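Using the sequences provided together with the hints, build the complete structure.
Residue numbers (this note's numbering), protein chains in the order written: chain A, 3 to 420; chain B, 3 to 420.
The reader is advised that the hints may include incorrect statements.
Identical chains share a label here; the pair holds if one copy fits it or two copies do between them.
[Said to hold, decoys possible] Only pairs whose alpha carbons sit at most 30 Å apart, straight line, appear in this in silico DSS-like list of lysine-lysine:
id : residue 1 : residue 2
1  : K323      : K95
2  : K95       : K321
3  : K263      : K321
4  : K184      : K154
5  : K158      : K95
Just so you know, these hints were derived from the structure itself, not from any lab.
On a predicted model such as this, the values are computed, not experimentally measured, just so you know.
Protein chains: 2
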Amino acid sequence: MEDKFSDLRINAERFQQDFEAISHIGSSGDGGVDRPAFSDAHLAARTWFRQRIEDAGLTFRLDGAGNHSGFLKCSAENAPTLLLGSHLDSVPKGGRFDGALGVLAALEVLRVIHEAGLHLPTNLEAIDFSDEEGRLVGLMGSNAVAGSLSEKDLAKPAGGRSALLDGLLRAGLNEAGILSAKRDPSTLAGFLELHIEQGPRLEQESLDIGVVTTMTGICLYNLKFTGRADHSGTTPMHQRLDASLGASNFVLSASTMVTEKFLNCTVNVGSIELMPGASNIVPQCASLILELRAPELDTLNRLESTLLELANHKAGYHKLKLEAEFIEKHPPNTMDIGVQGVIRNAASSLGLSHINLYSGAFHDAEVIARICPAGMIFVPSQGGASHSPREFTPWKDCMNGANVLLNATLRLATSQIN
Amino acid sequence: MEDKFSDLRINAERFQQDFEAISHIGSSGDGGVDRPAFSDAHLAARTWFRQRIEDAGLTFRLDGAGNHSGFLKCSAENAPTLLLGSHLDSVPKGGRFDGALGVLAALEVLRVIHEAGLHLPTNLEAIDFSDEEGRLVGLMGSNAVAGSLSEKDLAKPAGGRSALLDGLLRAGLNEAGILSAKRDPSTLAGFLELHIEQGPRLEQESLDIGVVTTMTGICLYNLKFTGRADHSGTTPMHQRLDASLGASNFVLSASTMVTEKFLNCTVNVGSIELMPGASNIVPQCASLILELRAPELDTLNRLESTLLELANHKAGYHKLKLEAEFIEKHPPNTMDIGVQGVIRNAASSLGLSHINLYSGAFHDAEVIARICPAGMIFVPSQGGASHSPREFTPWKDCMNGANVLLNATLRLATSQIN
Numbered sequence: 003m004e005d006k007f008s009d010l011r012i013n014a015e016r017f018q019q020d021f022e023a024i025s026h027i028g029s030s031g032d033g034g035v036d037r038p039a040f041s042d043a044h045l046a047a048r049t050w051f052r053q054r055i056e057d058a059g060l061t062f063r064l065d066g067a068g069n070h071s072g073f074l075k076c077s078a079e080n081a082p083t084l085l086l087g088s089h090l091d092s093v094p095k096g097g098r099f100d101g102a103l104g105v106l107a108a109l110e111v112l113r114v115i116h117e118a119g120l121h122l123p124t125n126l127e128a129i130d131f132s133d134e135e136g137r138l139v140g141l142m143g144s145n146a147v148a149g150s151l152s153e154k155d156l157a158k159p160a161g162g163r164s165a166l167l168d169g170l171l172r173a174g175l176n177e178a179g180i181l182s183a184k185r186d187p188s189t190l191a192g193f194l195e196l197h198i199e200q201g202p203r204l205e206q207e208s209l210d211i212g213v214v215t216t217m218t219g220i221c222l223y224n225l226k227f228t229g230r231a232d233h234s235g236t237t238p239m240h241q242r243l244d245a246s247l248g249a250s251n252f253v254l255s256a257s258t259m260v261t262e263k264f265l266n267c268t269v270n271v272g273s274i275e276l277m278p279g280a281s282n283i284v285p286q287c288a289s290l291i292l293e294l295r296a297p298e299l300d301t302l303n304r305l306e307s308t309l310l311e312l313a314n315h316k317a318g319y320h321k322l323k324l325e326a327e328f329i330e331k332h333p334p335n336t337m338d339i340g341v342q343g344v345i346r347n348a349a350s351s352l353g354l355s356h357i358n359l360y361s362g363a364f365h366d367a368e369v370i371a372r373i374c375p376a377g378m379i380f381v382p383s384q385g386g387a388s389h390s391p392r393e394f395t396p397w398k399d400c401m402n403g404a405n406v407l408l409n410a411t412l413r414l415a416t417s418q419i420n
Numbered sequence: 003m004e005d006k007f008s009d010l011r012i013n014a015e016r017f018q019q020d021f022e023a024i025s026h027i028g029s030s031g032d033g034g035v036d037r038p039a040f041s042d043a044h045l046a047a048r049t050w051f052r053q054r055i056e057d058a059g060l061t062f063r064l065d066g067a068g069n070h071s072g073f074l075k076c077s078a079e080n081a082p083t084l085l086l087g088s089h090l091d092s093v094p095k096g097g098r099f100d101g102a103l104g105v106l107a108a109l110e111v112l113r114v115i116h117e118a119g120l121h122l123p124t125n126l127e128a129i130d131f132s133d134e135e136g137r138l139v140g141l142m143g144s145n146a147v148a149g150s151l152s153e154k155d156l157a158k159p160a161g162g163r164s165a166l167l168d169g170l171l172r173a174g175l176n177e178a179g180i181l182s183a184k185r186d187p188s189t190l191a192g193f194l195e196l197h198i199e200q201g202p203r204l205e206q207e208s209l210d211i212g213v214v215t216t217m218t219g220i221c222l223y224n225l226k227f228t229g230r231a232d233h234s235g236t237t238p239m240h241q242r243l244d245a246s247l248g249a250s251n252f253v254l255s256a257s258t259m260v261t262e263k264f265l266n267c268t269v270n271v272g273s274i275e276l277m278p279g280a281s282n283i284v285p286q287c288a289s290l291i292l293e294l295r296a297p298e299l300d301t302l303n304r305l306e307s308t309l310l311e312l313a314n315h316k317a318g319y320h321k322l323k324l325e326a327e328f329i330e331k332h333p334p335n336t337m338d339i340g341v342q343g344v345i346r347n348a349a350s351s352l353g354l355s356h357i358n359l360y361s362g363a364f365h366d367a368e369v370i371a372r373i374c375p376a377g378m379i380f381v382p383s384q385g386g387a388s389h390s391p392r393e394f395t396p397w398k399d400c401m402n403g404a405n406v407l408l409n410a411t412l413r414l415a416t417s418q419i420n
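Here's what the structure looks like:
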């Protein structure tokens, strides 16, 4: 890398001021933020981000999917663009680092390069992808850019149809616009995303930087155990077909089985609904969302069949009927090998320790990887806390991550992929 | 009993026509009815009942708690009134016999006695108690009549404050009116309620009539298991504090324990809520409603302490915090001994087999027993099904029950308590 590039560093004070400012928008008062996609707090964060882009002398852009970005022309008009970014929305009662760190670091990288007056082979763009966390569609902004959304996806979105329509209205968007946000892959030079690890591995091994190699595969099912509704006071215990027993037995057994027999895999039942839901009626149905993740495809498939078999077994044991409704499945994805090397070199050149990691979470980078070389930089998460107000990354690590993002950006922009 | 009384019988055809008519109001199309208190269907059923009262030449009465009744003057103006009745509301997606059978039988008894032109030592009243099933307050109408409701009860009703206010508005009622429905005990000669058993005992022993001796005691708690919210993909299984595991383990173990070790007792968990409730967040809290019932007070107390200890043990096992919020407790109640004898004699004089039973469910009779001698007549429930569209009682048994109600009414009204 040229000398004039390798000396560039993030403006620590400005970056930190930005981070503190965004952490106040939708603050839950306990260190976390509550900024679900297109909520009042999220819309306020978007307005704030737009203002920061304009204050920095960058060109503000808004696409039909609600993605906000700041554009920095460092090259010819028709040169490809290197995208940097993440997302400003959060899960309900989430943490202040997840997503926001990557968006603000991207903005800061563009400001530093803008101030340095560098001319590069690519243009640069710092982007805030809309609805990453799945309140409406999930990874909506990045999927729209990648052209991975269809009218069908919007007709049956994860958060329900009315939440989507309401959200779009609140943000001044519409469905046709979402599909129009698709970009021509030839216009993109690549994508880099800085993000907290959301797991404990970097902290436990006292390492600075994680280079993401693979995104864990995921599979979701709606499992419905059905028994019989009965009066809870008059129906003898041994005559009941209580759906809650099948669901409870499955939840317990699935957790034990994955903990003991599926290394690096996870299972989660984040919601259970008993129906009809009255204190004096034996539950007829117990409906739950089963989520499972594995870093390799073979393991994901084996985990899926094992857990479905387990659910069937538990239903049979309690004389219940089981319906397993498939929701979605995403096989594990490998990040671009060349970009992984660029991130490793960037970290090494800054004297930072690094390790290869798989990501247990979904990210916009996984989606954008479909249309251009993409990579992810992880920084440590204290205690591995994530999707929680306890989420915390020491500021030193945030700075390390932002400087790796800056250095890797310059390497990628100047095509030093190896 | 005088001969002119003992020959009186229910008008089978009219009674059945009424029962078929009311079963259509709020019919769920599968043999059940959906008539939660003050829903459109319930209001329609109330209007229909009022019309039947007026068609029969009885005096229609409405009190401030929304109780509808038909009054038959068979005695002096200041003579006490013998109340007969039950309720026309249902649980969501409930059965067509629970409550409605008792109200229509009471109406039919009054019509038969009216037609016979009998003069009795008491007046008679067929009553439909409002909100028995607990959508708003639970046993609201009978508690109002018994003077057991306070402003405090209405300030924190079982179904929530807004549901109560909305329900009252829909029915043209108000809170002050509810409290005004209290009756002077000296005006009441007694209360009789015909009801389906809601359990399998009469059917299993091929018996016609159950004479209720005791109402099972009940105790309700809100149990809240609290762990920690974490990202479901990035938090290793063994590092989680998953609240769903404590709740699941408790639900399973409580059911097994009560089935094996607490004869004639029941436990039910009719609703569970996981929070924050997202598929990709490890549940921080699992909140459930625990309901337990036992026919003797000692057993109820032992069951309560055993299950709370079990919940604590399961919380500790999964490293969770447990909060047990007491909701309410009602000790088992004995029905009036004299009225029990009247019902037995009535059944015997009609050649019907009978047995003493405790009731596993709450009933208006339990509440009215606080202010006057009260008794309950049970008829068989096929398969013990209850609070379900599968609820079914053969018509022969309904007729038997209504004739026992008529016969017992005449015995009670003429003070043949033994």
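Consistency of the hints with the structure:
| no. | hint | in the structure |
| --- | --- | --- |
| 1 | K323 to K95 | between (35 Å within a copy, 20 Å between copies) |
| 2 | K95 to K321 | between (38 Å within a copy, 22 Å between copies) |
| 3 | K263 to K321 | both (27 Å within a copy, 22 Å between copies) |
| 4 | K184 to K154 | within (16 Å within a copy, 59 Å between copies) |
| 5 | K158 to K95 | both (25 Å within a copy, 28 Å between copies) |
Of the numbered hints stated above, none is contradicted by the structure.
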